[in-house]
Amino acid sequence: MQETSQVATQPRISREFTFPGDLESMVAARQALMSFIAPYCSSEIEEIDIFVALQEALANAVLHGCQNDSSKTIYCSVEIDPGAFTIIIRDPGPGFDVDAAMQSTEAGANTTTHGRGIRLIRSLMDEVAYRNGGSEVQLRKSRAAASSVA
Amino acid sequence: MLKVDIHAVLHTVTLHCSGRIVLGMEAEMLRCMAEARNEAYLMLDLSEIRAMDAAGLGLLVELHCRALCRDQVLTIVKASRRVRRLIALANLHSVLDVAEAGVGDLEDGDEARPPLVRHSLSA
Numbered sequence: 835m836q837e838t839s840q841v842a843t844q845p846r847i848s849r850e851f852t853f854p855g856d857l858e859s860m861v862a863a864r865q866a867l868m869s870f871i872a873p874y875c876s877s878e879i880e881e882i883d884i885f886v887a888l889q890e891a892l893a894n895a896v897l898h899g900c901q902n903d904s905s906k907t908i909y910c911s912v913e914i915d916p917g918a919f920t921i922i923i924r925d926p927g928p929g930f931d932v933d934a935a936m937q938s939t940e941a942g943a944n945t946t947t948h949g950r951g952i953r954l955i956r957s958l959m960d961e962v963a964y965r966n967g968g969s970e971v972q973l974r975k976s977r978a979a980a981s982s983v984a
Numbered sequence: 010m011l012k013v014d015i016h017a018v019l020h021t022v023t024l025h026c027s028g029r030i031v032l033g034m035e036a037e038m039l040r041c042m043a044e045a046r047n048e049a050y051l052m053l054d055l056s057e058i059r060a061m062d063a064a065g066l067g068l069l070v071e072l073h074c075r076a077l078c079r080d081q082v083l084t085i086v087k088a089s090r091r092v093r094r095l096i097a098l099a100n101l102h103s104v105l106d107v108a109e110a111g112v113g114d115l116e117d118g119d120e121a122r123p124p125l126v127r128h129s130l131s132a
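So the sequence lines, in the order shown, correspond to chains A and B.
In terms of this note's numbering, the first sequence is residues 835 to 984.
In terms of this note's numbering, the second sequence is residues 10 to 132.
Treat the hints loosely; a few may be bogus.
Said to hold, decoys possible - To give an idea of the chain B side of the interface with chain A (calculated C-beta under 8 Å), a few residues:
(1) 19
(2) 63
(3) 91
(4) 98
(5) 99
What the hints assert, rightly or not - Partial selection, computed: residues in chain A whose CB lies under 10 Å from chain B:
(6) 857
(7) 879
(8) 954
(9) 962
These aren't lab readings, by the way, just hints derived from the structure by calculation.
Backbone N, C-alpha and C fix where the C-beta goes; we use that ideal spot for every residue, glycine too.
Start from the sequences, fold in the hints, and give me the full structure.
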């Protein structure tokens with residue numbers, strides 16, 4: 835897990851991370867990301883919403899973008915300003931058919947063991963944008979109680 | 010981190026889960042522990058679960074289907090508000106058997122009887 839830069843100018847704070855594209859590294863990455871984000875959450879619910887969405891996005895990047903291959907690298911950035919949390923996760927994979935995935939997740943009850951991640955992310959975040967054919971996702975969650983960034 | 014306390018009484022076993030059910034060791038541990046139980050009634054007490062991801066929700070579906078195939082009854086009891094919300098967001102409330110809090114109190118009536126098995130594991 836590598837923190838590549840930090841910008842702490844008021845009233846916005848941001849940090850960039852890179853980590854290997856395997857599940858073991860993902861756990862450490864998630865922990866590092868949440869350690870950075872959690873102090874700025876106004877409630878446990880807000881923190882858990884971000885945790886779950888982040889977990890899904892990281893899992894997609896590791897499992898689909900990197901095929902759980904530690905030789906590949908996932909890039910992540912977090913930006914916190916008084917209005918929102920913005921998280922970008924980029925993997926080196928070919929992406930996926932975003933529209934098809936969106937449609938399948940909107941179908942009725944999913945009784946398979948997979949295919950809920952995107953729906954969860956969309957439910958828990960205020961804005962979700964896929965770029966580069968799906969290999970980059972930007973998550974945005976408005977801060978419930980806008981407080982100044984420490 | 011996930012901690013699971015097992016409480017077995019006659020034909021019922023309750024897995025008291027606390028922590029997180031997420032992709033990786035946590036979900037795998039719960040899968041192994043649930044699949045190892047042969048009691049007719051399998052209850053998952055999720056009152057202390059703080060977070061669950063899509064892998065955790067998928068595991069609940071998997072255990073539900075497996076229980077059906079084995080003539081077991083799988084019931085989710087005492088699900089926290091967070092867990093119920095995630096189940097609803099995933100549109101699984103019509104699939105999973107999620108009991109209201111009172112159903113999970115079944116063990117309270119069995120306090121006089123010592124549990125056959127009681128131990129805990131964590132991952």
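Status of the hints after comparison with the structure:
1. 19: violated, 30 Å
2. 63: holds, 4 Å
3. 91: Hint holds; residue 91(B) Cβ to chain A Cβ min 6 Å, cut 8 Å.
4. 98: For residue 98(B), the interface hint holds, since the closest Cβ of chain A sits about 4 Å away, which is under 8 Å.
5. 99: holds, 5 Å
6. 857: holds, 6 Å
7. 879: holds, 7 Å
8. 954: holds, 6 Å
9. 962: Hint on residue 962(A): violated, closest Cβ of chain B at ~14 Å, above 10 Å.
Figure legend: structure checked against the earlier numbered hints; hints not met, in rising order: 1, 9.
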